[in-house]
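For the record, the sequence lines run as chains A and B. Sequential numbering from 1 applies to the first sequence in my numbering. Sequential numbering from 1 applies to the second sequence in my numbering.
Calculated directly from the structure, the hints in this document are not laboratory data. Some clues are possibly wrong.
To be verified - Example chain B residues on the side facing chain A (calculated, C-beta under 10 Å, incomplete):
| no. | residue |
| --- | --- |
| 1 | V29 |
| 2 | V36 |
| 3 | F54 |
| 4 | G77 |
| 5 | A79 |
It should be emphasised that the depicted structure is a prediction, and the values quoted were computed from it without experimental measurement. We put the beta carbon where it would ideally sit given N, CA and C, even for glycine.
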Amino acid sequence: MIRIINTLQVASASLVAAATPSAEGVIRAPEIDYVAIAPEAILVLGALAILLKKGFVPRRYRMMASVATGILAICASLIATGILWQRLADGAAGTAVSGILAVDGFAVFSKVLFLGIAAFAILLGVPGLRRERIMREEYPALVVLAAAGMMLMAASSDLILTFLALELFSLAFYVLAAFARDLPRPQESALKYFLLGAFASAFFLYGVALAYGTAGSTNLTSIADFLGRGSIPWIFVASMALILVGLGFKVGAVPFHMWVPDVYQGAPSQVVGFLASGAKAAGVVALLRIYVSAFHAARPSWLPVIAGLSIATMAVGVVVALVQSDIKRLLGYSSIAHAGYLLIGVAAATPAATSASLFYLVSYAAMIFGAFAIVSVVSGKGDGFTRIDDFAGLARRRPMLAAAFTVFLLGLAGIPPTAGFIAKFVLFQAAVESGLWWLVLCGAVASVIAAYFYLRVIIVMFVREPEGEDLDSDEPDPITSLGMGLAIGITLVLGIIPQALMSVLAGADLVMPGL
Amino acid sequence: MNVPTNAYLIFSALLFAIGMAGFMIRRNVIVMFMCVELMLNAVNVAFVTFARSFGDVAGQVIVFFVMVIAAVEVVVGLAIIVAIYRRRESVSADDASVMKG
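The following block holds chain B by itself, in its conformation from the complex (with noise of 0.2 Å):
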């Protein structure tokens, strides 16, 4: 079966699109980091479709490098996550307003 470059596109897109809106809807905190785990691999997908439709190695090198950020995104964003769960026991977005204004 033959699909066609576009769709992959597409598809690229349409995960970019899903993290996104979960990011804005989504109230649990881990949820939404999720979301914005979904977007960087969305962007690895658009990579890969590209680097494969030039033939350019380059493209799938770079999904390397956004990998390796994207893992440590986690770490640092878990850290602070458990610092906050630490204290107050809910992860919930709408419970972190101390600040305002």
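Isolated chain A (complex conformation) (with noise of 0.2 Å):
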């Protein structure tokens, strides 16, 4: 065993000292900034628990066990992301470990949201599991893992590490698909979910090869100086293309999206709330990172393609949406439509519009959250009454939880006073500062349009009577009626007091480099 270690030492050495292309022979470790990591490093550590405790913790203790750990990670991680928001107060905002991480206020704004995100997965995510028993131990690990790695999508400021990132959640949503492995829609979504997502993520990393080759370099600094001095290549403009087509996916943008209706409705409930929300943040934080800060100078050539996307996002989401008689899916078009906001953010390119998009992110995690916590307690055991006709008289049966997606249902649609609206005002506020007047034009035409399918909605709750048959559907536990709780609390002080929200993403430092 000893032998084979040295052998493997030596062989390694020797491939290094080939490498290296210094005469020394002398590798210098890259100096690690471990205050910089920490964030993702306590999560990964708390996965890595979870999945070790198994060998330690009596059977009876596991399910307890795993929860807690997932939620001390959590916890350990906001920690360890406001020590870094005040290293960031005195001022030493820059790139850690060899360039590769961005230590600034957009990067530790984001952390401090997908912290949220994962939070609010683990609050209603267990519940609700538990009630269907398909409650495994793994999900807080899962849960974590995923949440590390969307948090590196926003900090990364190289193509390599925003690709690892991107595998990192992606895989662990991929699992979250398959939760409910024995059922055949899960894996039906799962499946197709995984699928698309590899050949996505593909395309993405070729993009990235792409722009190796012209720029010499994945990092973003480098790629950033490198469009700074002057004509760009068209192979950078393919490499640009391919890593959309990446991103694109990941955030359900149009022609990308086949595969949003079909997970949304196909995946139990519990979890869809989280992956709407963080597969859709990450992806979006990813975009502002790398379009709108490192490709800032190429700005011409991919402004026509993101309103081009952007656009038809918007389209494709709320016109397909009008027709849906699954709740699901509904949401899933509806998610779509978002996403079309969204990229008027990242078209748009301004700190102005950064800071509007976070914004609409964290707003947007909390109503599509509580959204699908109700839909996951209404549609009962295995998602099985998940049709629109079956919210008739919900208003009647469930009066609070009909009160509950009303907000939600409203927020989502931008109807005051709640966050949706403030939240797409400030976003097409900033786009039209930056002079695309027309691209805000199509979203308020679509914004007019949504309002009536989800409208629609509330008034089957409220008006229509119930149907014959008596639905399964309980009352939701109390740790479920604390999340939604919490998700109504935030759609509505956002909604009413978005200063609180406004003052620190102004505070935070959000001028990323290259802008």
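Relying on the hints, combine the two individually framed chains into one complex.
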């Protein structure tokens, strides 16, 4: 055994020696800034602890230990992020770990957002999955791993790290989509999500290879320098298009949206809220980080493409949602439309539009989590009742649930006094300021059409008589109610006093390298 | 024999295109999955070519990352495919059509 390790060491040493161009043959290890990587490192360690504890914890405490470790990891990571924030406030923005990890207000705020999303995923997911009897010990591990991947997407300042982060959270989501693995619909949705996701990441990776080939580096700062020097070769334009395919798939932009309705309908409702808010936010922050900051000099080449994608995404999302009869599919198409609105923020490419996009992501996450929590309660075991008709008369059967659902649907429609209205308002305002009034016009028309299908669900809940069959939907348990209450709180508080978050977003320095 | 750099890049692009076409044409889930692996390896060829022409190790190191990711994808993908096969004894993508609309 020792001999094998020795041979391996000799072999690897000679490999490195052969590969290192420096004459001395001394390898200088990169300086690792442990404070900068602490938030993600803690989450990964937490996930490993959850997976390894099987041998140490007695069977009956295992589930409790998993969930507790998951919550602990998220709290510890939040503290580490707070320390990082404090360091930023002292004016130490920049990059860490050989320039592959950005430490700036954008990264740190996004980390807090993703930790919040992960906390919601545990708060709403654990009781929901227990109700369905598909809760497994690995759920908290997958949630924190996905959170670590999404946080790295926001902080990554190197395209290879972005690719690894993309795969880290995507793989966790593929498994989560397959969580109810013995039912046909979750199986099918997991298969579609996985195959199309792997296909899209191959495009992303090819884009990274071409960027490396033209700019000579995968580092975003070097790429920004390269683009700042003048003409943009056509291969780099191809590379930007390929990277856009990969990220467009994650946010669910048309024409890469085919998986969205199927996965939203097929996967268990308890995990769809996590997937809908997390994967979309991760894709959007990566688009902002890569296109708005690093590729800023190439904006004339990518602006028409992203604007076109945005218009197509809003149009398809809104129009197809009009004819849906399944509530989960409806929310799926509505999330496609929201991806279109968010792409307006990417196209605008100003610091104001970036902070508006972050505000939008926060409020969208709260609303979509809440909406899917209610769907998971109302639809009953195995997501059996997800037709919009199944919501008829909900106001009479479960008035509180109907009222909560109304808040979330009004928020998604963007009607005051919810956060959805303020989010759309600041986003559109930022886009108009950077001269994209025609894009905002399309967004406004799409929002008006979208209001129709959200209001239709509300009318069905309040006006229509319940159908004969008695649904076996239970009252939500206390933890689920707490999660829903929190989501309603965020939706309403951000709608009534948006300054609370706006001032944080303005105070956190959101200027990215390259801008 | 001296093969020009561009030949490798064209080879990589062709491999990528074959993988892409295969993914869209074939209906067997496992073959579709193999096509994705082909695309990833086509990218590896491109990375090595660029690294060689720049005299830069970074591109070659990236290939190791990609290989690990490809292996991890196999683990998750085959697990999902096996779960589906157990249920319906078929791995055709056309059979996965419960949801439409």
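These are the hints, each one checked on the structure:
1. Annotation: V29(B) was flagged as interfacial toward chain A, and the flag holds, the nearest CB pair being 7 Å apart, inside 10 Å.
2. Taking 10 Å as the C-beta contact cut-off toward chain A, the hint placing V36(B) at the interface holds, the least distance being around 5 Å.
3. Hint status for F54(B): holds, given a least beta-carbon distance of 6 Å to chain A, under 10 Å.
4. Checking G77(B) against chain A by beta carbon gives a least distance of about 6 Å; that is within 10 Å, so the hint holds.
5. Interface hint status for A79(B): upheld, as the beta-carbon distance to the closest one in chain A is roughly 8 Å, under 10 Å.
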